[in-house]
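Chain order of the listed sequences is A and B. Residues 1 to 113 (my numbering) make up the first sequence, in order. Residues 1001 to 1114 (my numbering) make up the second sequence, in order.
Be aware that a few hints might be false.
Said to hold, decoys possible - One side of the interface only, derived from the structure: several residues of chain A facing chain B at Cβ under 7 Å:
| # | residue |
| --- | --- |
| 1 | 42 |
| 2 | 45 |
| 3 | 48 |
| 4 | 56 |
| 5 | 60 |
| 6 | 61 |
| 7 | 100 |
| 8 | 106 |
What the hints contain is simulated information worked out from the structure, not anything from laboratory work. All values derive from a computational prediction rather than experimental measurement. Quick reminder that beta carbons are idealized off the backbone N, C-alpha and C, glycines included.
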Amino acid sequence: GAGVSQSPSNKVTEKGKDVELRCDPISGHTALYWYRQSLGQGLEFLIYFQGNSAPDKSGLPSDRFSAERTGGSVSTLTIQRTQQEDSAVYLCASSLAGAVEQFFGPGTRLTVL
Amino acid sequence: QKEVEQDPGPLSVPEGAIVSLNCTYSNSAFQYFMWYRQYSRKGPELLMYTYSSGNKEDGRFTAQVDKSSKYISLFIRDSQPSDSATYLCAMSAISGGSNYKLTFGKGTLLTVNP
Chain A
1 GAGVSQSPSN
11 KVTEKGKDVE
21 LRCDPISGHT
31 ALYWYRQSLG
41 QGLEFLIYFQ
51 GNSAPDKSGL
61 PSDRFSAERT
71 GGSVSTLTIQ
81 RTQQEDSAVY
91 LCASSLAGAV
101 EQFFGPGTRL
111 TVL
Chain B
1001 QKEVEQDPGP
1011 LSVPEGAIVS
1021 LNCTYSNSAF
1031 QYFMWYRQYS
1041 RKGPELLMYT
1051 YSSGNKEDGR
1061 FTAQVDKSSK
1071 YISLFIRDSQ
1081 PSDSATYLCA
1091 MSAISGGSNY
1101 KLTFGKGTLL
1111 TVNP
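Isolated chain A, as found in the complex:
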């Protein structure tokens, strides 16, 4: 079956521009996570969605980062006024409700010039 998909696979942008990253979870998975993987910090949690519950935004590094999940499926991570330190691979993962196992997408590689 189809896994988690993310788009675009690569994004190059200029400092100060806004970017949107998209995640399509596995069908039937109601839990969705965003993580960031950077050279210096490794993989870090950003935000968690589960059904209609309020998201856990505790990992978002600044108010320039936001995410939404429409219709309980597709999610978009938005970074406003991008900075060079935002350059990283942004990974999305999904899981069944109440399940520990998370399945990751291939990631979006963001480069801020």
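Starting from the known structure of chain A, arrange chain B on it as the hints suggest.
Relative to the frame of chain A, chain B by itself:
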């Protein structure tokens, strides 16, 4: 001190060797322990997950958890060149009902030489 520590390597072994990968952690609330494998420019792939202390085996892979020492290990027997990848340990504590957000080690880069 980071919550999860993992030696980044790199680790280089000959084909057929037994590989031992390890992580230590400081947060006693962690209850779930996972190992992910990540090939270059791909997303992490779940290999194994364990809940309690002890061993769990799956084919050539064995995961070991020692909660008293806050130490987890992954053993790979009869290593193959296709095992060459970065191995990430990850841990989770239940948060807010069903939020299993993961805390990762930085990963160990493994190369298995034919």
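> Any hints this thing doesn't respect? Which numbers, in order?
Replying inline: 5, 6
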